[in-house]
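Colleague: Chain residues, written in single-letter form:
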Amino acid sequence: MTLTAFLILLVLAVTGYVMNRRAASALTADGTRLHSLTHFHGLYALLTVLVPVFVLICLFLILETPIINAMVMAGLPDGALDGLDTGGQQLVLAEIRSISRGRVFGTPEDWKLAAADRLVALYGWFDILLIVTVIALSLAILLFTRRRVAAEFRARQASEKIVTGLMVACSLIAILTTIGIVFALVFEAWRFFQMVPLTDFLFGANWEPQIPIREDQIAAEGAFGWLPVILGTIVISFVALFIATPIGLLSAIYLNEFAPHRIRAIVKPVLEILAGVPTVVYGFFAILVVAPALRGAGAELGVPISPNTALAAGGVMGIMLIPFISSFADDALTAVPRSLRDGSLALGATRGETMLKVLFPAAIPGIVGGVLLAVSRAIGETMIVVMAAGLMAKLTINPLDSVTTVTVQIVTLLIGDTAFDNPKTLAAFALGLMLFIITLGINVLALRIVRKYREIYD
Amino acid sequence: MNDMRRTEPTVTENTTKMQARKVQVYYGDNHAIKDVDVDIADKTVTAFIGPSGCGKSTFLRCLNRMNDTIDIARIEGDIRLDGEDIYDPKVDPVQLRAKVGMVFQKPNPFPKSIFDNVAYGPRIHGLARNKAELDVIVEKSLRRAALWDEVKDRLDAAGTSLSGGQQQRLCIARAVATNPEVLLMDEPCSALDPIATAQVEELIDDLRSRFSVVIVTHSMQQAARVSQKTAFFHLGELVEYDDTSNIFTNPKDSRTESYVTGRIG
Ligand SMILES: Nc1ncnc2c1ncn2[C@@H]1O[C@H](COP(=O)(O)OP(=O)(O)OP(=O)(O)O)[C@@H](O)[C@H]1O
Ligand SMILES: [Mg+2]
Chain A
125 MTLTAFLILL VLAVTGYVMN RRAASALTAD GTRLHSLTHF HGLYALLTVL
175 VPVFVLICLF LILETPIINA MVMAGLPDGA LDGLDTGGQQ LVLAEIRSIS
225 RGRVFGTPED WKLAAADRLV ALYGWFDILL IVTVIALSLA ILLFTRRRVA
275 AEFRARQASE KIVTGLMVAC SLIAILTTIG IVFALVFEAW RFFQMVPLTD
325 FLFGANWEPQ IPIREDQIAA EGAFGWLPVI LGTIVISFVA LFIATPIGLL
375 SAIYLNEFAP HRIRAIVKPV LEILAGVPTV VYGFFAILVV APALRGAGAE
425 LGVPISPNTA LAAGGVMGIM LIPFISSFAD DALTAVPRSL RDGSLALGAT
475 RGETMLKVLF PAAIPGIVGG VLLAVSRAIG ETMIVVMAAG LMAKLTINPL
525 DSVTTVTVQI VTLLIGDTAF DNPKTLAAFA LGLMLFIITL GINVLALRIV
575 RKYREIYD
Chain B
49 MNDMRRTEPT VTENTTKMQA RKVQVYYGDN HAIKDVDVDI ADKTVTAFIG
99 PSGCGKSTFL RCLNRMNDTI DIARIEGDIR LDGEDIYDPK VDPVQLRAKV
149 GMVFQKPNPF PKSIFDNVAY GPRIHGLARN KAELDVIVEK SLRRAALWDE
199 VKDRLDAAGT SLSGGQQQRL CIARAVATNP EVLLMDEPCS ALDPIATAQV
249 EELIDDLRSR FSVVIVTHSM QQAARVSQKT AFFHLGELVE YDDTSNIFTN
299 PKDSRTESYV TGRIG
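These protein sequence lines are chains A and B, in that order. In my numbering, each number is its position in the first sequence, counted from 1, plus 124. In my numbering, each number is its position in the second sequence, counted from 1, plus 48.
Just chain B, with the same shape it has in the complex:
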């Protein structure tokens, strides 16, 4: 469906949202990411797949500098957002994270009301001039996360009082509310039932019209369903990165083939 964005080695500059070159990550002596080059295209869903412990989350966290919060993590290489080096000392990680949002594997709603959870980002970034605007943002975000109908009558209830799947959608709404340009999702559906998963996948597809989404997933079907591009990681290396259809039907590397057909991992 996205043939116009076929990966050629020379991706045109304007469609590339984020560009990673020779990225290395070390946790102390553990070399967790080795020489990874990736171009994240704009308005595209990119899936990261690979066996557990291969460094998908680690690489994802490089993209919004969340690895900065891990003391022993050390990052080398060059990652650019819209051509700007995000590890440049001039770049404020706080502003970067406002542009590159993140949803975590485990739902982590704040111990605040549902409304305050979603309003958190807009408030600290001053996205709403008054309460009415804030209400609009909150409602829109909750609708996009397919949660509005379930919580519209109890926006004052604690976010932690929701079920696991609802909490995860709340976290998605929270991330969407800040209007990021890139949304990173680390196994966002691992706590969800099939219905909620389908809703989130629909949401991801919808989000693609506005920004690029990077999703880590263990489900081949999910990667195949929602993504246009897929990156296969193995033991800290990026083995193969191509259109999703190519990865699943016509992988170039034998490791990719055995993984997507379920032989390793």
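Just chain A, same shape as in the assembly:
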């Protein structure tokens, strides 16, 4: 039914376009000069019909079910809901709804059957209401816009205003969602910090996020010191960047300045494919290939290596980041004006000297920006570490040890049955908030550096 409504709206809007355009053309027949081109008169009608009615249909879709539910519940016979809490009422409603869809379990009371019938009838009425409203409103607006067609009517400005409004609305949605997410994060984290003191969280060296399941359980108090967790993140990110930065930079330098065209034509797409591999596949790679290989090598050398090492997770993450850094550095190098390169070459510098002394220094801000963005990706990366890093929080910087990361802990805290009123689950929000603050800081820094460097050459 909704589809029909949308179709009707579309047809009417297009009709409006055609009608107004025709009307505007007709005006020009006797030589009148229009303020706006006929196309804009049509567009004005189209947009004026489309936008409000579209919003109306969406609102209707959002509100339809809650309103009908409320009406059905209100219409139940007296006493039917007596003694039921909200959960119980929800159950009754769910049963009524499933009866209305023809799925009847056991023998429901008569009043439930009646309610189900009313539910179906209400949906029917609402559909009719929707269609009628859409048609009536669209026609009314059509009539209104048709009457505005005149030589001096500023249809272009009017339609541009509507389009601008649409764009503003879309950006508002994006911004508001972000603000909403941050707000939720801060709010839940704040609840956590009421149960666990901020200082314990920030400076505690123990991370054992257990909580007593029964009141009388002994192992009661968990420990929520995030230091070992963030240290794990740092170790893994460090390993990743230690691998990704030199390889990424050198490959970018090679591709940008030294590689013959044929090689560049092959390697660049390969790097892009590497960038497109889902992180879960990297995760496989880490646990199935890298970790066993490391353990094998360790056994050979007589070094005990745990199955989940920071080295394996970080190393694979590093491979994931290579194309990221490489393409950033490549862009930064390409952005250095060709005239600088020519200037250096014309002074008798070799390509290597030119790269080392002119191109690379000139590209450094862009490259640093790229590396910083890679850092924040490494810190926020989840899938690889969930698969390949450990779960136990350990205060260590040994990459051959098993460490856990902030993202892994967030995932494990929220997996399974969770109630959002104990420190164990709320701790996830605190961790998330810290992660958010860190990556935000790094991104802001990186973007500032990148922007600064754009200013130099633009």
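Not one of these hints is a red herring.
Cut-off 35 Å, straight-line C-alpha distance, at most; resulting in silico cross-link-like pairs (DSBU-like, lysine-lysine):
#1 K91/B / K481/A
#2 K179/B / K576/A
#3 K188/B / K200/B
#4 K154/B / K392/A
#5 K138/B / K392/A
#6 K154/B / K576/A
#7 K91/B / K147/B
#8 K481/A / K179/B
#9 K179/B / K138/B
#10 K481/A / K160/B
#11 K481/A / K188/B
#12 K200/B / K179/B
#13 K481/A / K147/B
In short, the hints are calculated from the structure, not lab data.
Got chain A sorted already, so can you dock chain B with the ligands onto it with the hints?
Modeller: Only chain B with the ligands this time, still in chain A's reference frame:
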């Protein structure tokens, strides 16, 4: 003023610095330079003139193999520096460019300090044994480019912070600092005001005592003022090459005449 260097078809070997024979340049399918023969005399300023797009810059870039950096460019023919074929596989373009310097149309200072810009060439070629010598080279080069007085108190400032005309003189100083034997200048004054232009022209005249200068210019007056020899290019061909005075007062080709008198171009 340079009557002793009048172009006769047989230029004596020792005064010819660079010699180009049957040079062709192709950009892909575009035949940009056709059959150009030129002798660049030593200790002389040679001007290349001609309408836009006729191939002056292209030919200039052949002389220090800067066309090698353009992938689609292909060069045929024979160009010699002191009798040595510069396109010979044995010749290292890097060493060639140290001998044949170049100043570009658009100032292109490196994003480094003024000092480091000028010191760039001497450093990579090891022309100075120590900091004191380097200081001397930098000062001398900046003086020759008529820039020293303006920047002597801020040698640490970024080269890019100078004005356009100052940047161009910085680029000239940078090119001069490597002690080239031939200096190629592609419209070096197009970004300069009349005063700076006059300074650069003076500099060019001064440079002539030490090496040969090839300058591309759109200004007839400039060509007449600074050069002893002038080559007129048209549609990729070298139409006429002669003493500057002959080109401007007594051209042999009608195309040259219409160009220098302002009828084509
Ligand atoms: N990098 C390049 N790639 C392809 N074609 C080029 C390139 N540079 C020059 N050309 C072509 O070669 C021809 C000569 O160009 P060139 O730059 O040498 O002219 P010019 O005489 O220096 O002109 P102007 O006085 O405007 O600087 C032109 O047709 C131009 O399109
Ligand atoms: Mg040119």
